[in-house]
Amino acid sequence: MKRRLTPILLVVGLALLIVAPLGQTDYIKYILSSWLIFAIAAMGLNLTLGYAGQISLAQASFIGIGAYTTALLTLAGVPWIPSMLAAMAVSFLVGLALGFPALRVQGHFLAFVTLAFNTLFYLVARNEDWLTGGPYGLSGMPRPDFWLFDTNQNLPFYYFTLAVFVVAAALMWGIVRSPWGRAFKGLRENPIRAESLGVDTRRITLLAFAIGSAYGGLAGALISPLVQFINPDSFALVQSIRILLMVVVGGAGFFFGPLFGAAMVILLPEFLRFTEGYYLMIYASAVIVLMVFCPSGLIGAGQALRERFRPGHRVRGDMKQGSQL
Amino acid sequence: MNQPILSVREITKSFGAIRAVDGVSFDVYPGEILGLIGPNGSGKSTLFNCILGQLQPNSGEVEINGRPVSGRRPCDLNKLGLGRTFQQLSVFPQMSVIDNIILAGQEHRGSLFGRLFGAPDAGLTADAERLIEFFRLSHLKDEMAGSLSYGQQKLVDAAMAFMAGPGLVLLDEPAGGVNLTMLAGLKERLVSYNREHGTTFVVIEHNMEFVMSLCSRIIVLAEGRIIAEGPPDEVRANPTVIDAYLGG
Amino acid sequence: MSQFLQVFLSGLSTGSIYALAAIGFTLLWQAAQTVNFAQGEFVMLPAFFVLIGIHWLHLPLWLSLIFGLIVAVIVLGLLFKKVVVEPMLPNGGLPLIIATMALSILLKEGTKQFYGAEAQPFPNIFPQTTMTLDGAVISVQDIMNLVVSLGVVVGLTLFLNRTRTGRCMQATAQNPEVAEILGVNVKRMVLYTFLVNAALAALASFLISPIYLAKFSNGETLGLVAFIAAIVGGFNQIRGALVGGLLIGVLDNLTATYVTTEYRAALPLVMLIVIILWRPQGLLGTSEGRQV
Chain A
1 MKRRLTPILL VVGLALLIVA PLGQTDYIKY ILSSWLIFAI AAMGLNLTLG YAGQISLAQA
61 SFIGIGAYTT ALLTLAGVPW IPSMLAAMAV SFLVGLALGF PALRVQGHFL AFVTLAFNTL
121 FYLVARNEDW LTGGPYGLSG MPRPDFWLFD TNQNLPFYYF TLAVFVVAAA LMWGIVRSPW
181 GRAFKGLREN PIRAESLGVD TRRITLLAFA IGSAYGGLAG ALISPLVQFI NPDSFALVQS
241 IRILLMVVVG GAGFFFGPLF GAAMVILLPE FLRFTEGYYL MIYASAVIVL MVFCPSGLIG
301 AGQALRERFR PGHRVRGDMK QGSQL
Chain B
1001 MNQPILSVRE ITKSFGAIRA VDGVSFDVYP GEILGLIGPN GSGKSTLFNC ILGQLQPNSG
1061 EVEINGRPVS GRRPCDLNKL GLGRTFQQLS VFPQMSVIDN IILAGQEHRG SLFGRLFGAP
1121 DAGLTADAER LIEFFRLSHL KDEMAGSLSY GQQKLVDAAM AFMAGPGLVL LDEPAGGVNL
1181 TMLAGLKERL VSYNREHGTT FVVIEHNMEF VMSLCSRIIV LAEGRIIAEG PPDEVRANPT
1241 VIDAYLGG
Chain C
2001 MSQFLQVFLS GLSTGSIYAL AAIGFTLLWQ AAQTVNFAQG EFVMLPAFFV LIGIHWLHLP
2061 LWLSLIFGLI VAVIVLGLLF KKVVVEPMLP NGGLPLIIAT MALSILLKEG TKQFYGAEAQ
2121 PFPNIFPQTT MTLDGAVISV QDIMNLVVSL GVVVGLTLFL NRTRTGRCMQ ATAQNPEVAE
2181 ILGVNVKRMV LYTFLVNAAL AALASFLISP IYLAKFSNGE TLGLVAFIAA IVGGFNQIRG
2241 ALVGGLLIGV LDNLTATYVT TEYRAALPLV MLIVIILWRP QGLLGTSEGR QV
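Protein chains in written order, with my numbering: chain A, 1 to 325; chain B, 1001 to 1248; chain C, 2001 to 2292.
Simulated from the structure, these hints should not be mistaken for laboratory data. Bear in mind that the values here come from a model prediction, so they are computed numbers and not experimental data. Heads up, some of the hints might be wrong.
Computed Cβ-Cβ distance ranges for the label pairs, DEER-style [to be verified]: (1) L123(A) to L2133(C): 45 to 55 Å; (2) L272(A) to M2144(C): 42 to 52 Å; (3) P2087(C) to G1114(B): 43 to 53 Å; (4) V19(A) to P2280(C): 45 to 55 Å.
Calculated from the model, a selection of chain A residues having no Cβ within reach of chain B, i.e. all distances over 12 Å [said to hold, decoys possible]: (5) L75; (6) R104; (7) W147; (8) G174; (9) W180; (10) V199; (11) D200; (12) I204; (13) F256; (14) A263; (15) Y279; (16) S285.
Cβ coordinates follow ideal geometry from the N, Cα and C atoms, glycine included.
Whenever a hint applies, use it, and build me the whole structure from the sequences.
Here it is in structure tokens:
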């Protein structure tokens, strides 16, 4: 039953994503692109945190690394695809380095190290004018142009983002259901047991950081041409916290969690325009309530609700401790 | 006599001023079931952790199949054919039983990148199902391991230790907290696995009856040293052993 | 030399205010395993309570300060514990961290909505005079900040070590199970800890706001500095948080004056990373509870 339903839901979901921008204002198309881009970054953090159980408060700095790399390369005339690959590679390597602290400390301490890293990145981006343009940032990055398909308008850019998102999601799906995904979960649930079963937990920890960061880099490679202006403020600690909220609100460790979480943070404010400045307050209160009643996030809440209406099915009581620190 | 599968040579491990393990040596031969018993604080668990790479001994050497393995990480030891179970519940609670078992075998299949690009189950579903069947857990294979009863989780833990087909399995208090019916079943399964596959077991256990009926040879530790060694009946009658337990 | 003394003293003064926030942070961590990501906002907010007292209730400054302190203790102590932390405890660490992050957004945005985005002038508590010592110009405000903060820390330490309630609070922080068996009302002691944290944050707020002005976004830096100070000094004790706070205040000022203004904020961060990786128990901490 569930097996047959999943592909249908996927097709419906994709169809919705394809028609979503049609007939919308230019601004909404832009917001929708930004949603998918943040969903990619959140997907990366979901691998690190939701699947592998390693907290990171540095995802915004990887979007930053990706965005600056792409901006510098495309401004120098390099086409988007190689720039994007370079952005992912740099983020991957820096993410690998950031994984080393996780081999020594866990939980709160890891949160602090990654938080400090993000703030250091911000300082470097603000102060090294020769490279990053300092507080004024970089602007005028060209949008990718693929001969017959140029993305200067927001509609084609949205479809371009959607295509990248679908490929990134498919790759992520491949990773999480491969033996790697099982090893990541093993690391989250019981690292000592995993190690005793031959899982090289050091290598898996580093990979969890590196892959998650590379997804951040990919998001950065898309932000750069979307906004066509980047400055350090877009990659400050607050942004990392926002991405962490996306992951947890959507449902850490659920594949589609980040997509919903990013919608809550990026799209919902647009629908709640009438609340004016109160949106963030409403959102923050909602997060607190969610954490009290359903710490496994929206998808977790949805599942719990479904189980309630379908008796005889065991509730995943264990989710209570979902990716605890 | 044939070559020992595990040799422990003069292992010493101190914590500050306390010598938890004090120059312990013994050999384990292929196919046997060896019991390691002793009163609380006799150093059994420390010795186990030294063999398993969780702790680094201060001196001494551990050999597996004649190869020195001191300083190796647990994951490397596992690849050399050393399986283990844990005293506390040690499954992956938010993964299905079958995923637990497949995880226990997948790291022995192919290379790191081979696994990423290969089959999602690393070609282990059939093997895993056979092992689940052997431990009579088939009806639970798609349940989350964390939702199983205590005894069932112990069985999953044991099954994981066997998944990679290890030559030697160290069982850390397999009977602890398991009810009597389940216990009889567990013993029967272990003995039958030992007969079918010739797998060697070293068992730490508090439950005397369980260990006496399961093991062919028993080593008794007290205050970090071996005080007796021999077949169950001999050890049971040994006055030093009785003293150690009563006096301890 | 006189410049050094000036820079050093004013660093010590800001550092002692950081220490107040850091000590509160440490106490919460000990007593309730709560890492409060909203600690910066806890320092930002009480100043606005005082401003409400002055501008809306037309109270004199001293009464407004008392009013601010009481409201802070109720809102940031009692309500924070009852409404946010308590219902969340069974859910484990991550949800609580997320909730305190959300709380920090809530407090920040709330302040912005109700009091505006502009920095509000905050009345000076101490005279704005200076005195000269050995050629160095020293502001009385700095000295008074230092004296008041250190006084509070000494008072707090005496309270924790010398009074029965204080000792019960310490017992609760160290080993709640044993404390429970010994007849300590653990729940009440944890509540006291939350109240003490709120009071410390409020004091820090009153001392720092005349210097930085009251602004909704003040908490961002203050929160960061508070937990860097707590970790650098040793996550599990008051002494550590005090030393951590003073150290960061002084180093920050010295770096800004003698090395680089651009990277003045980087030094504490680098210190944080280095200390977590090489000495996770902090400079003064003992390694209890962090064995593998």
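Just pull the numbers of the violated hints for me, sorted ascending.
1, 8, 9, 10, 11, 12
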